[in-house]
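A.B. asks: Sequence:
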Amino acid sequence: MASSIIRNFRTNLDFLKGKSLLVTGGTGSFGKSFVRTLLDHSEVRRLAIFSRDELKQYEMDKEFSGHPQYKKLRFFIGDVRDVKRMTLAFRGVDYVIHAAALKHVPIAEYNPFECIKTNIMGAQNVAEAALAAGVTKIVALSTDKAASPINLYGASKLASDKIFVAANALGGAQDFSCSVVRYGNVMGSRGSVIPFFRNLIDSGAKELPITDSRMTRFWITLPQGVDFVLSCLSVMQGGEIYVPKLPSMKVTDMARCMAPDLPHREIGIRPGEKLHEQMITKDDGRETIELEDRYIITPQFTFWDKDYYGKMGAKPVSEGFHYSSDNNTEWMDDDTFNDLLKKL
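According to my numbering, the residues represented by the sequence shown are 1 to 344, in order.
Check before you lean on any hint, since a few could be wrong.
[Said to hold, decoys possible] Cβ-Cβ distance ranges computed for the label pairs, FRET-style:
#: 1; residue 1: Thr87; residue 2: Ala259; range: 21 to 27 Å
#: 2; residue 1: Gly313; residue 2: Glu114; range: 39 to 45 Å
#: 3; residue 1: Lys315; residue 2: Asn12; range: 38 to 44 Å
[As the list claims (entries may be wrong)] Below are the DSBU-like pairs computed for lysine-lysine, each with C-alpha atoms no more than 35 Å apart in a straight line:
#: 4; residue 1: Lys342; residue 2: Lys62
#: 5; residue 1: Lys72; residue 2: Lys56
#: 6; residue 1: Lys117; residue 2: Lys103
#: 7; residue 1: Lys245; residue 2: Lys19
#: 8; residue 1: Lys315; residue 2: Lys250
#: 9; residue 1: Lys343; residue 2: Lys72
#: 10; residue 1: Lys245; residue 2: Lys315
No lab work stands behind these hints, which were simulated from the structure alone. Ideal placement from N, C-alpha and C gives every residue a C-beta, glycine not left out.
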């Protein structure tokens, strides 16, 4: 197995000059990093945050108040469950990045219809509001849990993915396209295992709890995730599900890098948790093509241009292909992980 290189998904952002963008769920980790990247490196005309938590908006507003491009920011209180509010917020917006979701697996299991109302009905609302307001592009953030889902969160995101792919057929003569970006664990994000382990280590823990010693995960950094979304936005035709090529790592190796001297205690897989992450199933593999840095699950629309990515050098994947963290050809070595950990 080859050790990994950390891919650079950065793209030229000239295509954003003079454009207006809106991020749903924009006060989260992704939203903040996305906003900072665009304010630092693009010439967007306006950048709007749409979310329901006034405190997080207030704190984010203060955080960016000293930025030279601060006047381009707009904050809208609203919920993706409210299509009328979104239609108002989407007026004059060119591109929407849909990051809002209920993501906590056990909470979704205990409150299933709340998850459905945000992740599924909310996705439909985003598509309808965007069509009504004249938005031209949507990129929706998905998750590895949407591939062969075993929990409600994953199932709701699979339904969301299907909604955004199908929405491409609704535009008619209108300039309108939707695509999906699917990736796995973001290193250091809230609720992930790295800050959890770090808190245990800092508090003097004598051992680290491991759910299963065989467990593997894909890893992507937050800047990589932002750059990947922007690169997909720049080339999307509409209907694609983009999957970045990422390194895998065993959770035990990650724990050993973080605390070489601490033993591990196996506690068992939690309800709704997978042993290995999967981002492309065998069935989706039949419709998947690959570029040097990503896989693309293509839609089965008759009007979709199958030669579009062929001109970029895309090729079909091999027969029986599926992409999961245990069958990956790229693995993160200790030095790469430790370097990334320092940057966090």
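A.B. asks: Each hint: holds or not?
C.D. replies: So, going through the hints one by one against the coordinates:
The given range of 21 to 27 Å is broken by Thr87 and Ala259, whose C-beta atoms sit roughly 50 Å from each other. The hinted range of 39 to 45 Å is satisfied by Gly313 and Glu114, whose Cβ atoms lie roughly 44 Å apart. Evaluation of the 38 to 44 Å hint for Lys315 and Asn12 yields a failure: the beta carbon distance comes to about 24 Å. For a cut-off of 35 Å, the pair hint linking Lys342 to Lys62 stands: about 27 Å separates their Cα positions.
A threshold of 35 Å between alpha carbons decides the hint, and for Lys72 with Lys56 the separation of about 18 Å falls inside it, so the pair holds. The straight-line distance between the Cα atoms of Lys117 and Lys103 is roughly 13 Å, inside the 35 Å bound, and the hint therefore holds. For the hint pairing Lys245 with Lys19, the CA-to-CA distance comes to about 29 Å; that is within 35 Å, so the pair holds. In summary, the hint linking Lys315 to Lys250 is supported, as the alpha carbons are separated by about 29 Å, within the 35 Å threshold.
For the given pair, Lys343 sits about 28 Å from Lys72 by alpha-carbon distance, which is consistent with the 35 Å threshold. Note on Lys245 and Lys315: the hinted pairing holds, with a Cα-Cα distance of about 15 Å set against a maximum of 35 Å.
The structure does not agree with the numbered hints 1 and 3 stated previously, though it agrees with the rest.
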